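Protein chains in written order, with the UniProt record's numbering: chain A, 1 to 230; chain B, 1 to 258.
Think of the hints as simulated: they come from the structure by calculation, not from any bench.
You can take every hint at face value.
Computed list of lysine-lysine pairs in PhoX-like fashion (alpha-carbon distance at most 20 Å, straight line):
| # | chain 1 | residue 1 | chain 2 | residue 2 |
| --- | --- | --- | --- | --- |
| 1 | A | K230 | B | K146 |
| 2 | B | K56 | B | K228 |
| 3 | B | K226 | B | K56 |
| 4 | B | K7 | B | K56 |
| 5 | B | K7 | B | K230 |
| 6 | B | K56 | B | K88 |
| 7 | B | K144 | A | K230 |
| 8 | B | K7 | B | K77 |
| 9 | A | K230 | B | K124 |
| 10 | B | K146 | A | K224 |
| 11 | B | K10 | B | K77 |
| 12 | A | K124 | B | K56 |
| 13 | B | K228 | B | K243 |
Now the in silico label distances, taken between C-beta atoms and shown as ranges:
| # | chain 1 | residue 1 | chain 2 | residue 2 | range |
| --- | --- | --- | --- | --- | --- |
| 14 | B | Q129 | A | F141 | 24 to 30 Å |
| 15 | B | E83 | A | R57 | 16 to 22 Å |
| 16 | A | R139 | B | R168 | 15 to 21 Å |
| 17 | B | R168 | A | S60 | 36 to 42 Å |
| 18 | B | R14 | A | G90 | 54 to 60 Å |
| 19 | B | E237 | A | D219 | 57 to 63 Å |
| 20 | B | G187 | A | I43 | 52 to 58 Å |
| 21 | A | R57 | B | N91 | 29 to 35 Å |
| 22 | B | K56 | A | I31 | 49 to 55 Å |
| 23 | B | Q150 | A | A121 | 19 to 25 Å |
The structure displayed is predicted, hence computed values, not measured ones.
Glycine is no exception: its CB is placed at the ideal position from the N, C-alpha and C atoms.
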Amino acid sequence: MFFGIEWDTSSNLAFALSILPILLIGLWVTIQATVLGFFIALILGLVLATLKSAPTRLISWPAKAITEFIRDTPLLVQLFFLYYVLPDYGIVLPAFLTGALALGVQYSAYTSEVYRAGLEAVAKGQHEAARALNLPSPRTFTHVILPQAIPRIIPALGNYLVSIMKDVPVLSVVTVLEMLNVATIIGDRTFNYLIPLSMVGGLYLILTLLASSGVRYIDVHLPKRGLSLK
Amino acid sequence: MSEPIIKFDKVVKRFGDLTVLDELDFQVEQGEKVTIIGPSGSGKSTVLRVLMTLEKINEGVVYIGGEPLWHESRNGKLHEASEAHLRKMRNQMGMVFQQFNLFPHMTVLRNLTEAPVRVLGMSKADVRQRGEELLDLVGLSDQKDKYPHQLSGGQQQRVGIARALAMRPRIMLFDEPTSALDPELVGEVLNVIRRLAKEHDLTMLLVTHEMHFAQQISDRVCFFDKGKIKEQGTPEELFKAPKEARTQEFLKAVLNPD
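Using the sequences provided together with the hints, build the complete structure.
What follows is the structure in structure tokens.
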């Protein structure tokens, strides 16, 4: 029994069907961790990208160093660090939040590069035309550069959403009851790992395919020349 | 003689070790149509880009209507100009780019109205009306709701010209406006510029490789070489009887490429 749900070991099919609701509870945690981690990565990435493009090196250099550090250290190390070290400094977060935060921090390094690359991909001539027309810089950013950068940024961000989802099982090592953790606990108790782990794989496959096709759909339907202004 | 509207006083512009403008002295009178010709790398586009404040200068002073462009005078000394000063000076100029540089996500009319609404503080209705008049002037009034990519290169460049005019500049800068166009589309753009030159008292500064066109519209033609004016004069003088050997050589190469 797990989460108050009994399993039926009379046949493989009956077992699979009986643990499906348990795995779906784990799946729901996986989705929550993905969404929260992605949200943190979006915001923190934007902050990092802004700092990295700051005119003074006093700000941009540390931001670049932080990005590089985050990118070059494993997610698991960062997760353990947050989980075991933060409480020493009086910051005690639930495992789920710690996990989502670790995912968010790790991926903020990537999203910040996505923002930067998207903004830099807008042709130089666009900046020059705006300058020649004397458009104020904030207006140039919001109405000339951003509308052209967003269609480049969104598909790349979507790909990282899928990556975050596939990294959520790492959180099982700090006791977050996401789908993989739930499946191994079922395995521990029933001595049948094959079926729960296969089901995790299958559910992940479905989830990833759905998310990827969603990203592709958005990619295809985004206006390539920028969000149109009439 | 009145104050020249554009004056370069010993202007130096370097890109790294490369000197693009070499102590350039250059003047344009109010309402004058001046064409700059010369080999690539001679600094002719840089003159326009310096005027449009897209490139900083290293030495010397550029004056627009007697006022320093890249400098502000405080306590009788020249200091580097503030962004506010550059904004004020920039308002007097409009630029047409080789690659058009239209805003691809805006309709044709929006390309023309975006800046005037924001910068000149005109009402939307006035700006739209003015935009439609300008599209009429360049022969594109039926294209106002299209996006740039739906137009031919020649049409896009005509929009580029209308967009620059929408800011009511005193000086129009044309940076090789037909170089990126298919040969059969060059004529429609040149016709628009020719009309502008005839019917308006705009000061026009044009960098081009279209020698016959330069001959037709210019009051004066300047031959640039190695960041300096090697020779200048009326189209007659420069094209029919160039004095400098370097000018003769260049004209021979571009006029009779075979």
